[in-house]
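For this one, chain G is given, so just place chain B on it according to the hints.
Listed here are the chains, written in short residue letters.
Protein chains: 2
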Amino acid sequence: MRIGVLSETRPGERRVALPPEAVSALCAAPDTTVTVQSGAGRHLYATDDDYRAAGAEIVDSAQQLASGSDVLAVVNPPELTVIAALPAGASLLGLLNPFQEAQAMLAARDHGVTAYALELVPRISRAQSVDALSSQALVAGYRAALVGAQLLPRFFPLFMTAAGTIPPARVLVLGAGVAGLQAIATARRLGAVVSGYDVRSAAADEVRSLGATFVELHLETQEGAGGYAKSQSADFAARQHAALAPYVAESDVVITTAAIPGRTAPLLVTEEMVAAMRPGSVVVDLAAQSGGNCALSKPGETGVFNGVSVWGGADVPSQLPVHASKLYGANISAFVALLRAGDMQDEILAGSRVTEGGRFVHEAVRNALAPG
Amino acid sequence: MRIGVLSETRPGERRVALPPEAVSALCAAPDTTVTVQSGAGRHLYATDDDYRAAGAEIVDSAQQLASGSDVLAVVNPPELTVIAALPAGASLLGLLNPFQEAQAMLAARDHGVTAYALELVPRISRAQSVDALSSQALVAGYRAALVGAQLLPRFFPLFMTAAGTIPPARVLVLGAGVAGLQAIATARRLGAVVSGYDVRSAAADEVRSLGATFVELHLETQEGAGGYAKSQSADFAARQHAALAPYVAESDVVITTAAIPGRTAPLLVTEEMVAAMRPGSVVVDLAAQSGGNCALSKPGETGVFNGVSVWGGADVPSQLPVHASKLYGANISAFVALLRAGDMQDEILAGSRVTEGGRFVHEAVRNALAPG
Numbered sequence: 001m002r003i004g005v006l007s008e009t010r011p012g013e014r015r016v017a018l019p020p021e022a023v024s025a026l027c028a029a030p031d032t033t034v035t036v037q038s039g040a041g042r043h044l045y046a047t048d049d050d051y052r053a054a055g056a057e058i059v060d061s062a063q064q065l066a067s068g069s070d071v072l073a074v075v076n077p078p079e080l081t082v083i084a085a086l087p088a089g090a091s092l093l094g095l096l097n098p099f100q101e102a103q104a105m106l107a108a109r110d111h112g113v114t115a116y117a118l119e120l121v122p123r124i125s126r127a128q129s130v131d132a133l134s135s136q137a138l139v140a141g142y143r144a145a146l147v148g149a150q151l152l153p154r155f156f157p158l159f160m161t162a163a164g165t166i167p168p169a170r171v172l173v174l175g176a177g178v179a180g181l182q183a184i185a186t187a188r189r190l191g192a193v194v195s196g197y198d199v200r201s202a203a204a205d206e207v208r209s210l211g212a213t214f215v216e217l218h219l220e221t222q223e224g225a226g227g228y229a230k231s232q233s234a235d236f237a238a239r240q241h242a243a244l245a246p247y248v249a250e251s252d253v254v255i256t257t258a259a260i261p262g263r264t265a266p267l268l269v270t271e272e273m274v275a276a277m278r279p280g281s282v283v284v285d286l287a288a289q290s291g292g293n294c295a296l297s298k299p300g301e302t303g304v305f306n307g308v309s310v311w312g313g314a315d316v317p318s319q320l321p322v323h324a325s326k327l328y329g330a331n332i333s334a335f336v337a338l339l340r341a342g343d344m345q346d347e348i349l350a351g352s353r354v355t356e357g358g359r360f361v362h363e364a365v366r367n368a369l370a371p372g
Numbered sequence: 001m002r003i004g005v006l007s008e009t010r011p012g013e014r015r016v017a018l019p020p021e022a023v024s025a026l027c028a029a030p031d032t033t034v035t036v037q038s039g040a041g042r043h044l045y046a047t048d049d050d051y052r053a054a055g056a057e058i059v060d061s062a063q064q065l066a067s068g069s070d071v072l073a074v075v076n077p078p079e080l081t082v083i084a085a086l087p088a089g090a091s092l093l094g095l096l097n098p099f100q101e102a103q104a105m106l107a108a109r110d111h112g113v114t115a116y117a118l119e120l121v122p123r124i125s126r127a128q129s130v131d132a133l134s135s136q137a138l139v140a141g142y143r144a145a146l147v148g149a150q151l152l153p154r155f156f157p158l159f160m161t162a163a164g165t166i167p168p169a170r171v172l173v174l175g176a177g178v179a180g181l182q183a184i185a186t187a188r189r190l191g192a193v194v195s196g197y198d199v200r201s202a203a204a205d206e207v208r209s210l211g212a213t214f215v216e217l218h219l220e221t222q223e224g225a226g227g228y229a230k231s232q233s234a235d236f237a238a239r240q241h242a243a244l245a246p247y248v249a250e251s252d253v254v255i256t257t258a259a260i261p262g263r264t265a266p267l268l269v270t271e272e273m274v275a276a277m278r279p280g281s282v283v284v285d286l287a288a289q290s291g292g293n294c295a296l297s298k299p300g301e302t303g304v305f306n307g308v309s310v311w312g313g314a315d316v317p318s319q320l321p322v323h324a325s326k327l328y329g330a331n332i333s334a335f336v337a338l339l340r341a342g343d344m345q346d347e348i349l350a351g352s353r354v355t356e357g358g359r360f361v362h363e364a365v366r367n368a369l370a371p372g
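From first to last, the protein sequence lines stand for chains G and B. Following the numbering used here, the numbering of the first sequence begins with 1 at its first residue and continues without gaps. Following the numbering used here, the numbering of the second sequence begins with 1 at its first residue and continues without gaps.
This is chain G alone, in the form it adopts within the complex (with noise of 0.2 Å):
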C-alpha cells in the first residue's frame, strides 16, 4: 500500500492529516511505503528531514504525489487537479465535506476514485478511533474556553484577595456535544461557574457530570439520528430563543458550539439577546463558519457589539496544530488499518464510503448531488 500525505492549502488550515509519528508506525507495516508533500508539517514544525526520518519519501508536487498514491490522506479536500491525478481505484481519505464540495466529490466520482469521507462514520462505538469529528472538536471546545478566558476582562476563577473579592465569571456554554463538554470542562478547570444547555435531553447528565448546571428550558427533546440534535421548526426556535435569553443576559461568557451534520447551524443567540448582554461580556460562536449560533458572529473576527464582543471561529481546530494533527493522524490511521484488512462491507468503510468504480455509492449525496 502506498500512502501519499498532501500538505494542505487551503488558507487557514494548519493541521496535515498525518504527523511524523503516524508515518513511522505506518511505515513499520509490511508493503507500505509513505510518500509525504514536501512542507506538509510546516505549521507543526516537522520538517521534511522529520519525515524521511520516520520513513517517508518527499516529494515536491502535489499531483506527483497523487499519482503515485494508492491512498491519498489529506484534511480538506484536495484541489480538482490532485484529485484527477489520482490513479483509478485509488482511496481518497479525509473531511471531505461532501455534501458542501460538490466539485471535489464529482471529480473524484469522474477519475474513478473511492473517496471516503470521515464525517459520514456511522457513530458507533467501534467506530470512536476513527471520529474525526470528535477528535477535533475536542480541540475546538478547549481552544472555545481559552478564547472566553482571554477576550474577558474579568477573571474567571473566584479570588479572596487583601484587597477583597472577586466573584468567579459565569460561562454559558450551548450545545453539549464533544466540543461543548470540552469547552465546559476547560471553563470549569479555570474557575468559571459553568451552565451547559442542549436541545437533547440526553445531554444533561453529561453536562452535570462536569461539574456544570444543566440548563432545563422545559422544551420538548429534539434527538435526531446518531447522537446528533436533529433540525428545529422555526416555533421551537422562536420558544427557544425566548427561554433562552436570560440565561443569556446573565452570563459573562457565552460559548456556542450546537452542529447539525451538512446543514446550516442552528441560530441560538439573536442579535436582541446580544443587546441585552452586560458590556464587557464575551461570545464565542464556534458554529460561524457553518452559519452561524449567534446571528452577529463572522468567521474569523472578532466584532464587538454595544461592548459584547463576539468572536467567530474559523479553521477553530488549526490554532492548536500539533495536537489537532495528532488526534486527526490517529483517525487516519486506524481508518487505514481498516482498509488494509480489506473487508470493504465494514460498516465504517460502507457508511463514509461516496465514490466508487465512477458511481456515487452514498445515497444520501447522492440525492444531493446527483439526483435522478
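None of these hints come from the bench; they were simulated from the model. One should not assume that every hint holds.
[Stated by the list, open to error] SDA-like, lysine to any residue: derived pairs with alpha carbons at most 25 Å apart:
1) LYS298(G) <-> GLN150(B)
2) LYS298(B) <-> GLN150(G)
3) LYS298(B) <-> GLN319(G)
4) LYS298(G) <-> LYS298(B)
[To be verified] Stretch by stretch, here's where chain B covers chain G in the computed footprint (C-beta under 8 Å, at least three residues):
5) 128 to 137
6) 325 to 338
We treat Cβ as the ideally placed atom computed from N, Cα and C, and that holds for glycine.
Chain B in isolation, oriented as in the chain G frame:
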C-alpha cells in the same frame, strides 16, 4: 476631603484608579466628595452616568479636576500640567514609579504636592490592603498563563481519547512572587505539569503548596529586603543560566516574572537558551517593560525565533481592566482611609511618601533624583 479620579491617558493603560463601586463606598463617608474626569471608566464599560449614580460629580478637564482635589487618585503619574494644577498640600496617590519618573516627582516637589507612591509601601502585614503591586501582579500572573496556553500549538491538559493519549504541557515559571505563583496556579488549573524557580529558596514551599515542582539549582539563596530578591552578580547570573538551561530547553512554556523594584529585571533566559527550545514552544515575559527576563522579548510584541514564540508583556494588568481596576480601587480606598485617619507618622504613609512641603522626604528617591 475632596477626592479626584483622573482619566488615564497613557497608551495601553485601560485601568482607572477608582471604579464606580469604590466611589460609592467613599462617598458614604462624612465630608467626602468624589469628582471623576469624564470617560475615566470607559475601558471597564463604566459610564459617566454609572459614576454619577455612585455619587460622583463629573468634570471634563484634568486640570479643573486637579485644582479642586485634596487627593488625586491615579494609576500612572499624571501629566506635568495636571500636577501643577493641584493645590499646594494636596496629595497625589498612585503607582508613581518614582525612580523612573523624575519629571513628575520634581513637579510634585516644586508645587508643594504630597506624592505617595504605592510601590514604596512597606511590605508589612497591615499593608496588604494597600499593596497595589501585589494586586496587579495577581492579574498579570493569571494573564501570563492564559497567554502561554493561547500561543502554544498544543493542549495544556492530559487527554486520554479514542485517538490516543495527549501528554500534558510542561510549564516552567521563573520568579515565584505573587505573579509567578498565580501563573503557576493558573497553569496547574489548566492541567499543565508545572515547575517553579526563584532565587529565594524561601519560595520553595509556596511553589510546592500549589502542586508544582520547585527547581533547585543548588546556588546560594538571594534573599533581599522586603521579601524581594536582591540584585545579582554577573558570576551568579552565569552559573544560574547554565543551571537553568536544561529546564528551559525541556519546557513547552516558560513564564518569567522576576522583577526587582526600581531596577532593571534580571536576565534569566538568554538568546542561546531560547535557541535550544523546541520549535513551537513559548516564552511569556512579564518583565519585558523593565528590561526583560528574556533577552529576546520586546514589550507589547510577540516575536518568533526559530519557531519559538516570545511574548513581551506591556501593560498586562490592563488586559483585564475590570478586575484590575476593582482590586486597584480597593487598594486606593484603603490608602485614602489611612490619609483620612490623619496619622502622618503611620509607617505605611511615611514609607510611601515621596514629596511633601516642597521637599523630597523619601531618602532613596531624593538620593536618586536630587542628590546633594
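Structure-based check of all given hints:
Our distance criterion of 25 Å between C-alpha atoms is met by LYS298(G) and GLN150(B), whose separation comes to about 21 Å. A distance of roughly 21 Å separates the Cα atoms of LYS298(B) and GLN150(G); the hinted pair therefore holds under the 25 Å criterion. A C-alpha spacing of about 23 Å is found between LYS298(B) and GLN319(G), which places the hinted pair at or below 25 Å, so the restraint holds. Of the pairs offered as hints, the one joining LYS298(G) and LYS298(B) is violated, with about 32 Å between alpha carbons and a cut-off of 25 Å exceeded.
Note: the segment 128 to 137 of chain G has 5 residues with beta-carbon separation from chain B under 8 Å; the three-residue rule is met and the coverage holds. For the segment 325 to 338 of chain G, the stated coverage by chain B holds: 6 residues have a C-beta nearer than 8 Å to a C-beta of that chain, and at least 3 were required.
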